[in-house]
Amino acid sequence: MLKAFLWIFLFLGIGELISYVTDVPIPGNILGMILIFSALKLKLIHLKDVKPASDQLLKYMVLFYVPYGVGLMSYFDFISSYWMVLSVIAVVTTLLTLYITALVQQKLEKHD
Amino acid sequence: MIDFYQLPIFGILLTVVVFFAARALRNNIKFVLFNPVLIAITLIILFLVVFDIRFEDYNKGGKYLSFFLGPAIVALGVLFYEKYQLIRHNIYPFLLAVGCGGLISIASVSLISIVMNAPDVIIRSLVSMSVTTPIAIEITKITEGIPSLTAGVVIAVGVFGNAFGSGFLKLVGIQSQTAVGTALGTAAHGIGTARAIEIGPLPGAYSGLAMCVNGILTTLISPYVVLWIVGSI
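Chains B and R, in that order, are what the protein sequence lines are.
With the working numbering applied, the first sequence covers 6 to 117.
With the working numbering applied, the second sequence covers 1356 to 1588.
Just so you know, not all the hints are guaranteed correct.
Quick look at which bits of chain R chain B covers, simulated, 3 or more residues with Cβ under 8 Å [stated by the list, open to error]:
1. 1358-1365
2. 1411-1419
3. 1425-1437
4. 1440-1449
5. 1489-1501
6. 1506-1514
No wet-lab data here; the hints were simulated from the structure.
Each residue gets a CB set at the ideal place from its N, CA and C atoms; glycine is no exception.
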């Protein structure tokens, strides 16, 4: 378990380092995500080496973003001024995205 | 002597206790707006307001929990590898569908913001609205929006997609369950994926993968869109 966490942190560190020394506009943790996928695909590491840690992290991911949600309390005035435009954007965009994605996938996918 | 609520352990304990209480509540009340994250955030805000505790003091502990969002994003890469085998034969239709959905989302947020004459900070904070919360927060840091506003809207979008997504798609004539999965993951990220997993393991896999792919796509594109529309980041 501890070793699995060390692997995850190693890839996070490499991602952050690349993001820090180069000018790519991609956050280090997202680079880490791409790197760990590539390492698994190239068999540099095995799924069982990292799965114990990744399963735990994904299981509790929602807990980790609660503090950001609580941060909304500092923007109460902003939200009460703009709740209308925020709601229109959220609802229209979500329905449109759902429809277009499902339509393209349904038209093109192969069934077997 | 500093007050107890100024110690990091206060924010950590409050968050963990309320979160698990909200989750226990969810297991007893199967009502879709009883999303544990939504309930936990609401209760914690109420607690802080009632006891007159500043967000900055709460976040002395809260930031230790937020830190784990970094490794959680890396863990998404592992999830992607695990599920990738299941959809390999449909990878191109899948990538095209997520690509179209992701672009539509960015375009829709931008256009509505312009048409409704919204302040720049709204497009900066909402351009990443469809993607999973940790990635959306990272994008907002790049586009210089308000990360907490992003988190709030992203969670609300997820709950909305979870509650109404599959019903809406049925209404507009989508029959393919895997297409519903891909759409839920693209538009409503992890909270939508929770709904897709209820539909079945295969729609669940499509949804989880769609969430990862749209996260990367939106990261690559949205800073340029914001730069183009607002003129600076």
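- Query: Honestly, which of those hints from before does the structure not fit?
  - Reply: Per hint list: single violation, 1.
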